[in-house]
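From first to last, the protein sequence lines are chains Y and A.
Quick note on numbering: the first sequence equals residues 1 to 368 in the UniProt record's numbering.
Quick note on numbering: the second sequence equals residues 1 to 255 in the UniProt record's numbering.
Please note: incorrect hints may appear among the correct ones.
Quick list of the computed label-pair ranges, beta carbon to beta carbon [claimed, not checked]:
#: 1; chain 1: Y; residue 1: L204; chain 2: A; residue 2: E212; range: 29 to 39 Å
#: 2; chain 1: A; residue 1: D96; chain 2: Y; residue 2: L204; range: 48 to 58 Å
#: 3; chain 1: A; residue 1: H121; chain 2: Y; residue 2: Q36; range: 52 to 62 Å
#: 4; chain 1: A; residue 1: E58; chain 2: Y; residue 2: I46; range: 52 to 62 Å
#: 5; chain 1: Y; residue 1: S212; chain 2: A; residue 2: R18; range: 24 to 34 Å
#: 6; chain 1: A; residue 1: W20; chain 2: Y; residue 2: I46; range: 25 to 35 Å
#: 7; chain 1: A; residue 1: E58; chain 2: Y; residue 2: M123; range: 18 to 28 Å
#: 8; chain 1: Y; residue 1: G362; chain 2: A; residue 2: G17; range: 53 to 63 Å
#: 9; chain 1: Y; residue 1: F205; chain 2: A; residue 2: R247; range: 39 to 49 Å
#: 10; chain 1: A; residue 1: G17; chain 2: Y; residue 2: P34; range: 49 to 59 Å
#: 11; chain 1: A; residue 1: G246; chain 2: Y; residue 2: G353; range: 38 to 48 Å
FYI, nobody ran anything at the bench for these hints, they're computed from the structure.
Where is the CB? At the ideal position from N, CA and C, for every residue including glycine.
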Amino acid sequence: MAPYTGIPLSPAELQYLHTSLSQDPPIRPDGRSPTQFRPLVAETDILPSTNGSARICFPDGTEAMVGVKAEVEKTRGGGQNVKGEVDGKTGEDEEMGDDSNRSARSGRDWGEWVEIGIEIPGMRDDDALPIFLSAMLTEALLADTGLKDTLWINSRFHWRLYIDILLLSQPLSYPLPLLSLTTHLALLSTRLPSLISERDEDPLFNDDWEASTPLYPRSKADGSSAQKPPITLLVMSVGGMIYFDPSADELAVADAVVALSVTSTSTTDADALPLKLVALRTIDPPSRLTAGGVSNVLNTTSTTGTASTGTTSTGGVLAIRENDQGQSVWRPPRGGVKRAVVGRMIKAVVEKGGVGMEVMAGLAGVET
Amino acid sequence: MPLDTSTYALAHLRLDGRRWNELRRIHGQISTQAAADGSAYFEQGNTKILCTVTGPQEPKRGGGSSRDQSNEAKVEVEMNVAAFSGMDRKKRARGDKRVQEMQYTIASAFQSTIFTHLYPHSTITLNLHVLSQDGSLLACALNAATLALIDAGVPMSDYVSACTVASAPSSDQTLDEADPLLDLNGLEEQELPFLTVGTSGEAGKVLVLLMETRVQVARLEAMVSVGLDGCRQIRGILDGVVREHGRKALESRVS
């Protein structure tokens with residue numbers, strides 16, 4: 001996964017940022033707390049020709065818009081149950097019909113019922129970034145099996161959801177959280193026309209849009225908490241500290257960057273976690289692309305007497321760099337992220353009153 | 001249906017209740033995106049287009065020095081029609097010919113209006129996002145691009161304003177029955193022969209005139225003159241949007 005290049009920060013600035021972020025208590029460049037998000041502008045239902053739409057602008061100027069459209073599609077392998085009933089065959093055939101009905105209901109291929117398309121200006125459809133982002137968003141969406149039940153109409157037809165994501169600005173920072181939050185908001189506002197026809201006949205829908213049902217209902221009939229679409233958050237770590245909603249500067253010095261996808265669990269159990277983790281992916285931090293600084297010892301342009309006495313062999317230089325270990329000058333981070341840190345990241349997102357719930361509650365407030 | 005000639009001849013009202021010379025609800029906004037050099041959002045009825053401008057800047061696609069022979073800036077247009085913009089969801093192929101032709105038309109219209117000699121060897125990139133289409137796509141794109149270029153501070157000789165005109169169906173072939181209809185929506189565009197005219201300046205110098213359908217040549221003059229008048233009206237609207245934005249910017253500074 002190709003990370004972002006073009007970080008206009010010098011090794012001294014990178015070291016400064018890294019030091020301030022690894023302190024305890026940490027100091028972020030804009031003074032936020034580690035779990036505080038930057039304010040964003042969000043609006044829904046902006047496109048009249050879609051089933052659901054949303055637009056979110058981040059304060060750094062990046063902006064994304066998502067439109068959701070739904071079409072009725074014939075289910076592959078469905079419909080055999082209808083034939084069996086019409087012919088009035090023996091029990092065996094009816095049983096076979098039941099099987100295919102069951103498989104259609106089980107929607108073995110229901111992963112194809114959702115299609116996500118991402119448009120990033122300046123990139124083609126087969127560039128690495130759009131494909132990677134669309135795979136991550138699809139994976140998080142399909143982890144919720146309840147969605148399949150909502151899209152199922154009858155054994156012969158189902159809804160096919162097309163989620164089209166437009167990144168309206170140039171990708172200045174990693175666009176994954178922006179696109180994920182905008183998709184979440186658009187799905188929350190998506191409505192499907194209500195079904196009038198019964199059982200397996202050709203689907204017929206109510207023309208009245210006021211009677212339409214939301215794709216993700218606010219509250220279920222049995223009073224349990226409603227299912228919500230997933231969100232993907234970007235979390236970074238520096239040393240042992242974790243930070244949410246990292247800005248471009250903070251990403252430039254990150255030790256590790258992780259994308260966490262969470263979705264809500266429909267449970268009435270008060271003790272159970274309100275959210276569950278569906279995917280966790282590490283992202284190559286852009287800090288790996290930065291150049292390391294030159295330490296005083298190796299600085300052959302300095303004219304003071306503290307310059308080295310001529311150990312210019314590459315082995316010697318390497319040894320000095322390794323011994324330095326990024327203490328005196330900036331060195332691009334190496335290695336992975338500690339399991340304990342990942343554990344803390346997950347806990348901070350999924351726990352009750354954690355960051356995940358805060359973000360979802362914030363977005364639900366937009367939807368009127 | 002527009003082709004149902006009887007209803008139009010009766011009251012001379014179109015499907016959406018407009019008369020022959022009425023524009024749709026037009027709304028424009030400047031500076032909608034902080035990250036872009038210039039941006040604008042323009043709506044003509046249900047046709048909604050967002051335009052962002054990047055530049056003038058060094059040409060990114062590293063063409064060697066041999067490419068920049070002219071001492072002028074180059075205008076590049078990229079139009080992205082969203083898959084959810086029409087009634088049915090339709091993802092455009094990359095090299096869609098209609099989109100390419102529109103891109104070329106828009107680029108050449110602005111190449112002649114912008115003072116390109118002020119920015120030699122640089123590129124001005126226009127990114128048009130079509131969010132919803134309901135007729136007058138090219139016209140709305142030209143208007144949105146004008147606003148975005150003004151927001152970006154790119155010097156131009158005048159506003160480029162555009163609109164569409166159709167020839168109303170008439171039961172007999174006499175000229176006085178055939179009203180030119182201004183500013184078409186999607187349904188009317190499918191049924192009637194129409195043209196898109198884009199002008200620059202108060203005098204109405206024609207920069208773009210595009211017609212893909214067939215019409216009797218005798219009706220053409222009336223259509224074009226109605227189109228020029230429509231463009232003048234739209235130019236007034238564009239000017240109003242820019243002045244309003246300027247007034248707000250000044251007020252926030254002074255107070």
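Against the structure, the hints come out as follows:
| no. | hint | in the structure |
| --- | --- | --- |
| 1 | L204/Y <-> E212/A: 29 to 39 Å | holds, 38 Å |
| 2 | D96/A <-> L204/Y: 48 to 58 Å | violated, 34 Å |
| 3 | H121/A <-> Q36/Y: 52 to 62 Å | violated, 45 Å |
| 4 | E58/A <-> I46/Y: 52 to 62 Å | violated, 35 Å |
| 5 | S212/Y <-> R18/A: 24 to 34 Å | holds, 29 Å |
| 6 | W20/A <-> I46/Y: 25 to 35 Å | holds, 31 Å |
| 7 | E58/A <-> M123/Y: 18 to 28 Å | holds, 19 Å |
| 8 | G362/Y <-> G17/A: 53 to 63 Å | violated, 41 Å |
| 9 | F205/Y <-> R247/A: 39 to 49 Å | holds, 48 Å |
| 10 | G17/A <-> P34/Y: 49 to 59 Å | holds, 57 Å |
| 11 | G246/A <-> G353/Y: 38 to 48 Å | holds, 47 Å |
Figure legend: structure checked against the earlier numbered hints; hints not met, in rising order: 2, 3, 4 and 8.
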